[in-house]
Every structure is written in C-alpha cells, then in structure tokens.
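> The letter at position 109 of the sequence shown is residue 109 when you use the numbering used here, and the numbering goes up by one with no holes.
No wet-lab data here; the hints were simulated from the structure.
You may find that some hints are simply not true.
[Unchecked claim] Label pairs and their computed distance ranges (CB to CB):
hint, residue 1, residue 2, range
1, 72, 136, 36 to 42 Å
2, 141, 64, 21 to 27 Å
3, 62, 86, 33 to 39 Å
4, 16, 136, 19 to 25 Å
5, 57, 141, 55 to 61 Å
6, 102, 53, 51 to 57 Å
7, 114, 78, 36 to 42 Å
8, 19, 145, 18 to 24 Å
On a predicted model such as this, the values are computed, not experimentally measured, just so you know.
The C-beta atom is built at its ideal place from N, Cα and C for all residues, glycine as well.
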Amino acid sequence: INAEYMGPLNGLLRMWGTVLCFLASIFGSLSSVIAKFAFDSARASNYSIFVCGLFETPVNESGSCFQTVYYAFRLVLLLFVLLSNSIMINLLVKSMNVYGTLAATTLINSFSFVMSGLVGFFVFGENVNTSWVFGIVFILVGVYLVSSSASGSLVSSRAEKKKS
C-alpha cells in the first residue's frame with residue numbers, strides 16, 4: 001500500500017497501521033506468557049494434579065492420568081505459542097506494508113515493552129517503579145520521533161524518485 005497516493009485516507013491508513021502494530025504486540029506478549037506457563041513444570045504439575053483429582057483420589061504423580069495430563073497440557077500450550085506467534089508475524093507483515101519496516105518494528109517493539117511491563121505487573125505480580133515509567137515515556141517519545149521522521153522521509157524520497 002502506497003500511503004503517498006491515499007490522499008484523505010492516509011490518516012485512516014496510518015491509524016490502521018497503528019492498530020496492527022498494537023495487535024501484533026499483544027499476540028507477541030500473549031505468546032511469551034503462554035510459553036512461560038508451558039515451560040513452568042510447577043504450574044503444569046499443579047494443573048495435572050487438579051485435573052486428575054477430578055477423576056481419581058488420591059492423585060499419583062507417577063500414574064498414567066498425571067503423566068498424560070502433564071504432557072498434554074504442555075503440548076497444547078506450545079501449540080498456542082506457535083499459533084499466537086504466527087498471528088503476530090502476520091500482523092507484523094501487514095503493519096510493515098502500511099508503515100514500512102523501520103516504523104512498524106519500532107512501534108511493535110515499544111508496544112511490546114509496555115505490554116511486558118503490564119503483564120508482569122498484573123499477571124506475575126512484578127514491581128513497576130517510577131524509573132520504569134519514565135523509561136516508557138522516553139521510549140514512546142522516541143518512537144513518535146522515529147516514526148514521524150521515517151514516514152516523512154519515505155514520502156519525500158518517493159516524491160523525489162517520481163520526479164526523476
């Protein structure tokens with residue numbers, strides 16, 4: 001998509017590109033959270049004990065129910081990691097078609113950094129201090145500067161190529 005020739009739809013196209021970047025970062029963060037659950041043997045073990053406890057009492061961790069649920073749980077989570085990464089890459093490529101490579105990857109990385117902080121705080125109970133918040137502000141300002149200068153130079157370079 002060439003944003004230079006879009007005219008009045010240019011703003012709408014840029015907003016759609018931002019939405020694509022945001023969604024890509026959400027699926028990337030979702031993938032990392034699912035992977036954290038998939039590779040955490042304590043969580044998989046607790047889930048297996050819970051599920052097997054519904055069918056047998058007491059739960060034997062060397063029994064067939066526990067082993068089946070334990071490995072099936074991890075396998076299903078790994079499949080969800082692959083699925084969410086596939087969706088993220090698809091959205092990344094679509095956002096690159098709108099913004100270009102530099103602006104799209106910069107936006108996605110900044111959104112992902114914010115998402116990882118929010119997920120860490122709300123899901124895993126990690127601390128977020130004021131220096132982290134100031135860092136986010138500086139990153140977002142830098143992303144704005146990079147994306148605005150990258151899109152401006154892209155349009156001007158395309159216009160110069162068209163003239164020659």
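> State, for the Cβ atoms of residue 72 and residue 136, whether the hinted interval 36 to 42 Å holds or is violated.
38 Å, holds
> Does the Cβ distance between residue 19 and residue 145 fall inside 18 to 24 Å?
21 Å, holds
> Confirm or reject the claim that residue 114 and residue 78 have a C-beta distance inside 36 to 42 Å.
26 Å, violated
> Kindly confirm whether 19 to 25 Å is satisfied by the beta carbon distance between residue 16 and residue 136.
Given a distance of about 24 Å, which is inside 19 to 25 Å, the answer is holds.
> Just to be sure I understand the hint, the distance between the Cβ atoms of residue 141 and residue 64 should be within 21 to 27 Å; is that true here?
57 Å, violated
> Do the Cβ positions of residue 62 and residue 86 conform to the proposed distance bound of 33 to 39 Å?
The hinted range 33 to 39 Å holds for residue 62 and residue 86, with Cβ atoms some 36 Å apart.
> Between residue 102 and residue 53, does the beta-carbon spacing fit 51 to 57 Å?
52 Å, holds
> Can the suggested window of 55 to 61 Å be confirmed for the beta-carbon pair residue 57 and residue 141?
Distance hint for residue 57, residue 141 holds at roughly 58 Å.
When held up to the earlier numbered hints, the structure conflicts with 2 and 7 and fits the remainder.
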